[in-house]
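Make the full structure from the sequences, and use the hints.
Residue numbers (this note's numbering), protein chains in the order written: chain B, 1 to 874; chain W, 875 to 1279.
You may find that some hints are simply not true.
[Unchecked claim] Sample of chain W residues lacking proximity to chain B, with all beta carbon distances greater than 10 Å (derived):
#1 PRO1092
#2 GLU1129
#3 GLY1149
#4 ASN1247
[Claimed, not checked] Here are the in silico distance ranges between beta carbons for each label pair:
#5 W/THR1022 to B/GLY633: 38 to 44 Å
#6 B/LEU63 to W/ARG1176: 49 to 55 Å
#7 B/LEU531 to W/ALA1018: 31 to 37 Å
#8 B/VAL238 to W/ALA1242: 45 to 51 Å
#9 B/GLY628 to W/HIS1249: 21 to 27 Å
#10 B/PRO592 to W/ALA1020: 52 to 58 Å
#11 B/ASP801 to W/ALA1104: 19 to 25 Å
#12 W/ARG1176 to B/ASP801: 46 to 52 Å
#13 B/ALA728 to W/SER1200: 30 to 36 Å
#14 W/ARG1023 to B/SER18: 18 to 24 Å
#15 B/LEU614 to W/ALA1104: 34 to 40 Å
#16 B/GLU738 to W/ALA1104: 38 to 44 Å
No lab work stands behind these hints, which were simulated from the structure alone. In this text, a Cβ means the ideal position worked out from N, Cα and C, and glycines have one as well.
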Amino acid sequence: MSDPREPERERRLHQELSRIWAPPPGILGFFTAVNHRVVGLRFMVTAFVFFLLAGILAVAMRLQLTLPLLGVLSPEAYNQAFTMHGSTMMFLFVLPFVEGLGIYLIPLLIGAREMAFPRLNAFGYWVFLLAGIFLFLAYLTGHGPDSGWYNYPPLTGRAFRPGAGIDFWVVLITFLEVSALVAAVEIVVTVLKHRAPGLSLDRLPVFVWAIFITALMIVFAMPALILTSLMLGLDRIVGTHFFNVAAGGDPLLWQHLFWFFGHPDVYIMLLPGVGAISMLLPTFARRPLAAYLPVVVSLLVVGILSFGVWVHHMYTLGLAMVGLNFFSAASMLITIPSAIWILAWIFTIWRGHLEPLNTSMLFSLGFIVLFILGGITGIMLASVPLNWQVHDTQFIVAHFHYTLVGGVVFPIFAAVYYWFPKVTGRFLDERLGRWHFWLFLVGFNATFLLMHQTGIQGMPRRVYTYLPGLGWDFLNALSTAGALLMGAGSVLFLWNAVRSWRRGVPATGDPWGGASLEWATTSPPENYNFLRIPLITALEPVRAGKVQERGLARPPWLEELTEGHGGRRETTVTTVLAAEPQGRADLPMPSPWPFWTAMALSVAFLGAIWTPWLVPVGLVLTFVGLVGWHWPGQEAARGRTEGSGVAEGSDVAESPGTTTWPGPKEGSAPAKGAGRPPPPSLPHQLTGWASPIVWGVAFLIAIEGTLLLLFVASYFYLRMGTDPWPPAQVTAEAPGMEWVLPLVSQLLLLLSIVPVAAGVRALVRGRRRPLLFGLPAGLLLAAGYLVLKGWEYAGRPYRWDAHAYGSLDWTMGGYAALHVMILLLAGGFAWVLTLRRHFHPGRYTGLQALLLYWLFVVAGSLLFQATQFIGGQG
Amino acid sequence: MIGKGPRARRTGWTRIMPGTGPAAPGPEGGTHRPRDRSAAPHRPRAPHPAGLVVLLFLGGCAGSQSMVDAANPAARQVESLWWLSLLSTGILSLLVIGALFEGVRRARRRGAEGADAEGPGAAGHGARGRAPEGAPTGAKGSSAEARTREDRWILLLGGLLPALFLVGFLIVSVRVGQSVAPPPGEPALTVEVTGHKFWWEVVYPEPGFVTANEIRIPVGEVIRVRVTAADVIHSFWVPQLSPGKVDMIPGRTNEIWMYAEEAGTYRGQCTEFCGVQHALMSLEVVAMEAENFEAWTEVRGRPVQAPRTAEAVRGLEVFFEVGCASCHAVDGRPRPAAASLAGPDLLDLMERRTLGALTLPNTRDGLAQWIVNPHSLKPGVRMPATRLEEEDLEALLDYLESLRP
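Here it is as structure tokens:
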């Protein structure tokens, strides 16, 4: 600090980092930007537009229900409206918004310059945008889905819904899940690997915990939705029978899979809000959050419990009473962690200092109250006999709007008022904010508190009208008035946001006296987030005044990390638990390929509506996009020029102990003074589990593995319900040798790992040649698997449309074959890159990731084969 | 536009009276609570606007489809569970919300008092609470020991209190569930109800006849209801007579039971979204005194009678000419699922109180409108509009009005 050359160095550093991290300008730049704050903000703004659209639909529905037998909306229009309203709010507003908030804030909260996979981030946004636009285009051109966001078959089967509406829903929601999943993997890996040095897990802000757990839940819950909408799509488009009772399918399979996703989804939407409130209450109460650890553990517990309660959406199916009581108890258990949150918030406020309540605080308090009310009706709904009465009535609509508007939208508004100054550098207007809050609060309760009563009096949900004389008229009229107030509040907020963004009161870097790291930088932050990567020594670093951005007590390697290096985008890589420094991640530059890939993938998904043959076309285009995306650009060039340094680095990566980690304690050696920064002592090339890329692939495998296990579970679910199995339609199979082909093909696939693994191993030890031969050998064996499988299936006496048995059989074969094809493409690409010396003994992490995925594909294929063998026994 | 037709009929609707006439509230089992059922269940009992706001949850015992208007012991048990849970969770949440507001009040006061009440030094962590413009820092409870104590309280209160409450509530809930789920006695009668888009096929397997959208049951008897669906998933719900609802799923048969203490009409409605006209798929359960019910079943054994008047005979011809017969049988015999027709059997048409699954009252006028343009009354119904000459329509109506078993 006392160094007189310090300001000059800072200015130079600022200039260099600004140049490196600037998003590309112009129209073209718009499509190539990958910066996390750009992408995060786009997510949030786009999601908010969808919020307004879904809100318009909600008001239209309320107008229709004002009085009995009104004709504001036809029944068809009403059914489309509630389907679009639900789907949009769930998939196009809440999830993208909280993911956007996470993408925007997480690097700021953990002291990183960027997220783990910036291009993937951009890709996720384009997918989200395309899916949303297409869904609304379908709706506006009269092809809107009309069977609810839950889409129960057989109503959604081709027989009862011949139009394209359900096709659009199935295809676009699955497409959209791709976006949710890549954002989830992105968030998980970023939180695990890119925290600032010293930011050990016990210092992680609650909001980051919440988003992290949310992302993990997405990883394990979304596959169920993808699987089940894939099955519905196949049923509709190629005539499989997963949900067709007449041919061995079961519509209840949909409900199990859908709610296996659907209930965690509720908490996926709720947890980020809980995290946000746990950040801003301590700021406004001027004290740390009470019970940090119990709050975090409660987040985890809810995350886990939420996977064990899905049947409470299905009490009326006629399932066994014992099972229902189990799920009833499990559902009620969620009350306990929720109570711990609420008490922690109350204690935090109780023993804090509050200024006059601002809008953010008002929304927080509103959230807590509404969350309590939504919680108690939740307890009632967990009770089996009460649920039997109120299930599918307006009472349910009231309940889940308390949890989803009270529990999600209110904290989102609180968070927006809180972080708006950080994002835009300006405050939202307080006077308009108060109007917004009171209109929204009064309107919300008028709409939904009364709706409990409407439901108790017997009005079902999802009805476009009702007859007079049932005592529902007056309540409905009041609910509509409430909805109009909510609408007015939202419009007011829109006006406030637009106006304040341009002309609001300017905010400083830390306008609220915040506690967490995002307040240690400017508002809005520079493109590089922090001039110097901070060293974290406390749970609330900013409040503790312990953000070390200056030279004092910063170890020399940390100083290196902060400098720009030849135009390279970099951020720190640290260990998973203690956040000890491990290395520096080279991050990719802006690129048009994520946009292209999203467009190409949309061809595969949307094309399926017209003809299944467009799917391979789209997938090939997607592969082209992925090649362009991963084609070594500047980063690779750097790698070659620094050949020796990289090799050195890889050594260090394997034994991180060689870096001197002084620990997050204060009082370590002072920083080196002026002059050139010393040569890098933290490696660029991280391998194995030190590498974020390997973690990313591991979570991709977690997603796909969940999908596989759910598919196997579905197989046995359908098998249990069908007698005989295999059914009469398909037992004409040739007896005797039918196990030979599968056995040989699986053996080939298993063997294919050997030469690849040996090649990678040799490359690690410095020899490139074995891989150049091993990779093609492995690919050849895998291709042999494809040929044999093709032969095997060509000999099947039944097709996928013969019976659910055939549907399962062919889908498993197709799934495995698709993945082996992916291996062929990815392996071929890896071979080219090895040939071009992109991969060399100092850079092989990508090959490790490929090998990991290869192992997974083999394991998945074996799992499916085992399922076919075991399940196929009569 | 589409809503216009039904709205015009609103006045007609309220004229419907219960078809079984006023019931004598006679004690038929020891457990019965006499209730005045003589009032028409369809009479609108509008909630009083003033009382509604105050007694929002307490005033909801109106309406014939209300779960807080239970008409048998089991439904009353669930109703009591509802009041119990409302009261207990209501008190709990008021306590918690009260604590929240009290906390805000205290924190506001402390915030307003400024730094002099508890200075930064009090907590021993002067660095905490870094706030702009010298705002108070180091709130009460920011020392390490105080925070540990606080954590303990939060765990204790947040873990223990809900746990105690939930265990109690769960026990009550499970006991209620197990007590209301099985039928309270040996069923005297089985009714098979099949959900169709958008009406209910009602089969009495013993002695073997079929009707639609109205289930007649004897008072004071346990009725077993077997439900399934012909097309998509529907859900069967008669809140006053059954312990809740049960889904009607194609390919499966679910069971629920009904029991009416008193004669009267009880409303039910489909509660699983089943397509465009889910909203107007309702049904009625008519509980009749035993002897009335006997008489009602007895006539159904008789052979179908040919139309007697010339107009009715002509009407029967029209019935076949314009295609009514392709969807409607007129024989009152249950059909196997594979041979089920798209529309209800019309043998006892004139006994039914409503048309279109409770969409409009069954009058000659209503019938005429329903035949000529059902979509103006119930958009999306599968019955097509039928163009008819005036005299053909009259003849058809004559024929239909002759239909009673």
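Hint check results:
No Cβ of chain B approaches the Cβ of W/PRO1092 within 10 Å, the least distance being about 24 Å, so the stated non-interface status holds. Residue-level check failed: W/GLU1129 sits 7 Å from the nearest beta carbon of chain B, not beyond 10 Å. Not every beta carbon of chain B lies more than 10 Å from that of W/GLY1149, the smallest distance being close to 6 Å; the non-interface claim is violated. Separation of W/ASN1247 from chain B is adequate, the least Cβ-Cβ distance of about 15 Å exceeding the 10 Å criterion.
With their beta carbons about 53 Å apart, W/THR1022 and B/GLY633 fall outside the hinted range of 38 to 44 Å. At about 51 Å, the beta-carbon gap between B/LEU63 and W/ARG1176 stays in the expected band of 49 to 55 Å. For B/LEU531 and W/ALA1018, the Cβ-Cβ distance of about 33 Å falls inside the hinted range of 31 to 37 Å, so the restraint holds. Checked against the hint of 45 to 51 Å, the C-beta distance between B/VAL238 and W/ALA1242 comes to roughly 47 Å, which is consistent with it.
Remark: the range hint 21 to 27 Å for B/GLY628 to W/HIS1249 is contradicted by a beta-carbon distance near 54 Å. Between B/PRO592 and W/ALA1020 the beta carbon distance is about 56 Å. The supplied range of 52 to 58 Å therefore holds. The given range of 19 to 25 Å is respected by B/ASP801 and W/ALA1104, whose C-beta atoms sit roughly 23 Å from each other. Hint check: W/ARG1176 to B/ASP801, Cβ distance near 48 Å, so the stated range 46 to 52 Å holds.
Take B/ALA728 and W/SER1200: their Cβ atoms lie about 33 Å apart, and the range 30 to 36 Å holds. Between W/ARG1023 and B/SER18 the C-beta distance comes to about 48 Å, which lies outside the given range of 18 to 24 Å. At about 36 Å, the beta-carbon gap between B/LEU614 and W/ALA1104 stays in the expected band of 34 to 40 Å. The hinted window of 38 to 44 Å between B/GLU738 and W/ALA1104 holds, with their beta carbons roughly 39 Å apart.
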